[in-house]
Amino acid sequence: MADVTITVNGVTFRVPAGTNVVDAARIGGISIPVFCYHPRMKPVGMCRMCLVQVGTPRLDPATRQPMLGEDGRPVIAMMPKLQTGCTTPVSEGMVINTESDEVQFAQKGVLEFLLTSHPLDCPVCDKGGECPLQNLTMAWGPGNSRFDYNDKVHFEKPVHLGDLILLDRERCILCARCVRFQDELADDPVLGFDNRGRNWMIISKSDPPFDSKFSGNTTDICPVGALTSADFRFKARVWELSSKPVVCTLCPVGCNLSLDMRYDQLMRVMPRENGAVNDIWICDKGRFGHRFIEHESRLTTPLIRKGGHLVEASWDEALALVAEKLAAVQSSRGGSAIAGLASPRLSNEDLYLFQKLFREYFGSHNLDHMPGSAADVDYDEHGALMGVGKGTNLMEMGAESLVLVIGADPEEEAPLYVLRLRAMLERGAKLVVANMRPTKLDRSATTRLYYQPGSELAFVRGLLRAVFDRVGHERLHLKHSGLEQLRKTLSDLSVEQAAELCGVPAETIRAVAQALLEAKQGLIMYGAEARSAGAGMSESLGVLAALTGKVGKPGSGLIALLPGGNSRGALDMGVRPDARPGYAVLSQRGLGAREVWPALREGRVKAVWIAGLDPAAQLPAARAALEAADFVVVQELFLTATAKLADVVLPAASVAEREGTYTNAERRVQRSRQARQAHGEARPDWQIIQGVAQHLSELSVPVAVPTQRVEESSQPVGGKGKSKGPGKTTAVTVAEPSTWDYLTPSEIAAEIAERVPGYAGITYSALAATGQGGDWGRQTNEAIFYDGTNYENSEGIGIQLPNLIEGQKTAVSLGLRPLSKPAHERSLLLVSQSLAYDGDLLLRGSLLERQIPQPYVALSQTDADKLNIKPGDTVRLDSAAGELTLSARVVDDVPAGVALIPANLPNFSAAAVQTGPRTRVNLVKVVTG
Amino acid sequence: MLLETHREAIETIVGRYASPRSAVLPLLYLAQDVYGHLSNAAIREVADILALPETAVFEVVGFYTLFYSRPVGTWMLQVCDDVPCCYLGAEELITALKDSLQIKEEETSADGMFTLQRVKCLAACDRAPVLQANLDYVYDVTPDKVEALLKDLQSRAADARRRGVSGRFAEDFAVTEQGAVELVARDAPYQSRQFEVQGPPPPPEPLPPPEVESGQDRAETRRGSPL
Chain A
1 MADVTITVNG VTFRVPAGTN VVDAARIGGI SIPVFCYHPR MKPVGMCRMC LVQVGTPRLD
61 PATRQPMLGE DGRPVIAMMP KLQTGCTTPV SEGMVINTES DEVQFAQKGV LEFLLTSHPL
121 DCPVCDKGGE CPLQNLTMAW GPGNSRFDYN DKVHFEKPVH LGDLILLDRE RCILCARCVR
181 FQDELADDPV LGFDNRGRNW MIISKSDPPF DSKFSGNTTD ICPVGALTSA DFRFKARVWE
241 LSSKPVVCTL CPVGCNLSLD MRYDQLMRVM PRENGAVNDI WICDKGRFGH RFIEHESRLT
301 TPLIRKGGHL VEASWDEALA LVAEKLAAVQ SSRGGSAIAG LASPRLSNED LYLFQKLFRE
361 YFGSHNLDHM PGSAADVDYD EHGALMGVGK GTNLMEMGAE SLVLVIGADP EEEAPLYVLR
421 LRAMLERGAK LVVANMRPTK LDRSATTRLY YQPGSELAFV RGLLRAVFDR VGHERLHLKH
481 SGLEQLRKTL SDLSVEQAAE LCGVPAETIR AVAQALLEAK QGLIMYGAEA RSAGAGMSES
541 LGVLAALTGK VGKPGSGLIA LLPGGNSRGA LDMGVRPDAR PGYAVLSQRG LGAREVWPAL
601 REGRVKAVWI AGLDPAAQLP AARAALEAAD FVVVQELFLT ATAKLADVVL PAASVAEREG
661 TYTNAERRVQ RSRQARQAHG EARPDWQIIQ GVAQHLSELS VPVAVPTQRV EESSQPVGGK
721 GKSKGPGKTT AVTVAEPSTW DYLTPSEIAA EIAERVPGYA GITYSALAAT GQGGDWGRQT
781 NEAIFYDGTN YENSEGIGIQ LPNLIEGQKT AVSLGLRPLS KPAHERSLLL VSQSLAYDGD
841 LLLRGSLLER QIPQPYVALS QTDADKLNIK PGDTVRLDSA AGELTLSARV VDDVPAGVAL
901 IPANLPNFSA AAVQTGPRTR VNLVKVVTG
Chain B
1 MLLETHREAI ETIVGRYASP RSAVLPLLYL AQDVYGHLSN AAIREVADIL ALPETAVFEV
61 VGFYTLFYSR PVGTWMLQVC DDVPCCYLGA EELITALKDS LQIKEEETSA DGMFTLQRVK
121 CLAACDRAPV LQANLDYVYD VTPDKVEALL KDLQSRAADA RRRGVSGRFA EDFAVTEQGA
181 VELVARDAPY QSRQFEVQGP PPPPEPLPPP EVESGQDRAE TRRGSPL
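Protein chains in written order, with the UniProt record's numbering: chain A, 1 to 929; chain B, 1 to 227.
Among the hints, erroneous ones may be present.
In silico DSBU-like pairs for lysine-lysine, Cα to Cα no more than 30 Å straight-line [to be verified]:
no., chain 1, residue 1, chain 2, residue 2
1, A, K152, A, K440
2, B, K104, A, K157
3, B, K120, B, K98
4, A, K390, A, K553
5, A, K244, A, K440
6, A, K821, A, K488
7, A, K152, B, K104
8, B, K120, B, K151
9, B, K120, A, K152
Part of the chain A face toward chain B, derived, beta carbon under 7 Å [as the list claims (entries may be wrong)]:
no., residue
10, G192
11, R196
12, S204
13, S206
14, T300
Note that these hints are calculated values from the structure, not bench results.
Since this is a predicted model, take the numbers as computed values, not measurements.
Ideal Cβ positions, reconstructed from N, Cα and C, are used throughout, including at glycine.
All chains, full assembly: derive it from the sequences and hints.
Following this line, the structure appears as structure tokens:
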């Protein structure tokens, strides 16, 4: 929009048209105090703190031109009363006075009124020290009050708005920032005002109260200490805290956090601004779910099994034992008798070294980052291959972009995406949500549609056909193969046939396809439910992105919501049996986790090394296999069910006690710093791996030169000391004997940058660049107005990786696997639902533990009626694999034909019935007595 | 439950508006009439019918004083104690009501028949003192007519229960000099209160001059402040 010229306090400057007076003045370096206004929300003018004098040039009624005075300057018509700056947009020639006596009188008056009901308990208030009310009172306040101190109103306090957030009514200045955040940004309209006048108060009447995954943000934006969190309340004074920049590893968003530490203790978790990732927000899981760091049950010393018991040991002893045992297995049975599982919460450095040790020392490809359950989904490649283009920033996307969310529930899988997608909508983007069942994001969607359970692939094929019918392959600018096959596959299924299979009308499918074609930028986000349909789903979505030209450019491509904080990193680093780092496919694959368990029982695999995964808790097969194994080493934070079965347990450092990089769903690599000293003797995972490697070399175990060669079909792995060789498609063997003497993780990162395709240039020094992370904290005196919310990100905003297709070195295979016919031998489709608050070990010790549900199976009303099941009834599920007894819920949101169980609950496993990511089950009511 | 017992009425109300949100006030009145007051469960029921966030409906109930979130009597008596009514005996009227019903303001009589509330101007100053009984206006209620009024209301308790406490079907009544409560027809010609003409009252005794209030200089309150 064009700029307009304004004059504030006699200083004339230009600001973008449409800016409100508060922001416009701040552009010119002039502060207007605010309470209710917040730049991320619509102005409401409730607090009256931003009152200013405003005048506009007087126009000649005849010519509509500004009238000129005797001095030749426009005559300014001042508005008769003060105006609220936040609700007044600037106009050409506007004159604003923010310091006149009249304005100062008003500001003092407003503050005097606000303070009439304020308890002035700053010495015990959590907000004290970072409180906008304190700041503004010092700068603009009257200094004295005409109101009698004894007339202050008193209320019962605190009021529990929910489990996590408490309200102090006396401190509340009724600015409605929290209410508006919940309504406008989070779309959880669970806060409101009760009563009126002096009795006005914030209430939450949802069930459960304050039912939102973003509630913690209201304590940040509260300009007083009215909203406090149960997690931090009365714990520390803010000036005692030092903020340590880390990255959240609880979900694939990778929010930037500040761990606010007092000496070595975690006091609270705050968001750290990053426009490209989390803006200035974080979800409650990130904010309250980091208590695991200091949990009393953390492991502090290595443990070795002696005489059937795990006893404390020194690191030397433990590492030597691990090296000795693994070397023994290798020399007697070969490296392929050793398997390694590493958690997707580990850093890239850990994961890289883990696979390097296995591949270089043991010559074993028996690697995985999943627990080996029947429900494990296929490795997601298209999320990287066709991932969002380098330079994608959701914060800058709006009009002319479209997001297709399919088979995903972002609120549970990657909560912060709800805020980011809603902010895009606010700026004019379109949001199409396609799922088998309603999710919360539906309320925001411009188009929402539900396909028949299990028919998502048919729906996407319908979309593909509709796109192909309209534009053919004219938008396909990628190197590709299999176009003819695609043409044939698509010609087999008309849009109408697809519509019939998936239950979405053909015209809707065509409209969505058309909207995707028309959008300049298109994102396709898919989650757990889409991935549970098999690799065919991500493959089809990749082809959809390719055919619509929504790939290989900023703001377009796929976003895969994978479990854990660094599943993408694990895939990039090749912690999988069938590919090296950078998706370099192996001709001869090793064993994945699912195959490791039977192999252990049958003696084909003798030893297993598990880093940060707890398969024994969920999988009876894993438990039996670990009991049968010759040697089990577990590196973990806690003594998990798996660790209890180990021969050696190695205590690992948590994310707060080490440095590392993590790759998020948008393939942004971000660096996390160390926030506290080692917990006991716990060491970072990479050091543990290196320690074992060093002991192995002391045993002079010959390095196994990998015999497998990188296949030509995928991107080559660059040699050391060279940048990626463009166009190099010959096979390379990575076999460089390593000395295993990394001193810091940055040295590993440097090696990753050299060796892993796509990671070129991702060094620690490059990651420290702050670039244009956002605009928070960069305006005049902003800390005064938005104190206690969020601070400038001075520690680096991360670097987005190019997707593997951008270099045009890899040909995209357009061939699609055939649609499988759904089997209907059992009546219901058992689907696992990912929940934000589940049995994740990392939630240990947090207030969120109370919100983890008890196991249940959710049914539709239709099926419940058919099977004569009432809520709370005990039901038995049976599948081809076995039986399971559960309590039933009857839920509106579940479509007929689906039985929904929460995934990954503590002390509960559905492994007994699961035959795959999805299972056909029958369900009967259990009659007791 | 409301949907089962009053489906037709609800559908009529909701059908009147373009957006279901607009029907929140009429539905709350309906719920209040059916249940006697708005319990949390009743408010949630309305939210559920209109598919509104529960908090939003609680906000509406909290804002308006004519929604009662606690049980009230069959008749809700709301007596104006604003200036013109006061001059014509509102305080005496309230005292008479309290004495007769043996309750204080905001309380309900033991038999559950009456709840007493003070309210501000009801915009019928010409017929003061005035009160509302379930939003039925009752004009000219001088303190001496309290017994007659209460008796009349008591006799119409069944009618009150049928019409509900919200006053959706409220009418106008006047108390005659003889103490009879008469319906004032909607189209009846305007009639102001009939006064008996009396001689001029004796001049009032002059009041002592008010003490000078000087805000911050009140020494004893300054002592009470920690500042």
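Hint check results:
Only pairs whose Cα atoms come within 30 Å are accepted, and K152 (chain A) paired with K440 (chain A) is rejected, the gap being roughly 42 Å. Distance hint between K104 (chain B) and K157 (chain A) is fulfilled; the C-alpha atoms sit about 28 Å from each other, no more than 30 Å. With a C-alpha separation of about 18 Å, the suggested pairing of K120 (chain B) with K98 (chain B) holds against the 30 Å cut-off. Taken as a hint, the K390 (chain A) and K553 (chain A) pair is honoured in the structure, with Cα atoms around 7 Å apart against an allowance of 30 Å.
For a cut-off of 30 Å, the pair hint linking K244 (chain A) to K440 (chain A) is broken: about 33 Å separates their Cα positions. Proximity of K821 (chain A) to K488 (chain A) is assessed by CA-CA distance (about 18 Å); at most 30 Å being required, the pair is judged to hold. For the suggested pair K152 (chain A) and K104 (chain B), the alpha carbons sit about 26 Å apart, so the restraint of at most 30 Å is met. Our distance criterion of 30 Å between C-alpha atoms is met by K120 (chain B) and K151 (chain B), whose separation comes to about 25 Å.
For the proposed pair K120 (chain B) and K152 (chain A), the alpha carbon gap of about 25 Å is at most 30 Å, so the pair holds. Satisfaction of the interface hint for G192 (chain A) is found here, the shortest Cβ-Cβ separation to chain B being roughly 4 Å, below the 7 Å cut-off. Checking R196 (chain A) against chain B by beta carbon gives a least distance of about 6 Å; that is within 7 Å, so the hint holds. At about 6 Å, the closest approach between the beta carbon of S204 (chain A) and any beta carbon in chain B falls short of 7 Å, and the interface hint on this residue holds.
Among the interface hints, the one on S206 (chain A) holds; its C-beta lies about 6 Å from the nearest C-beta in chain B, closer than the 7 Å criterion. Checking T300 (chain A) against chain B: minimum C-beta separation of about 45 Å lies over 7 Å; hint violated.
Of the numbered hints given earlier, the model fails hints 1, 5, 14; all others are met.
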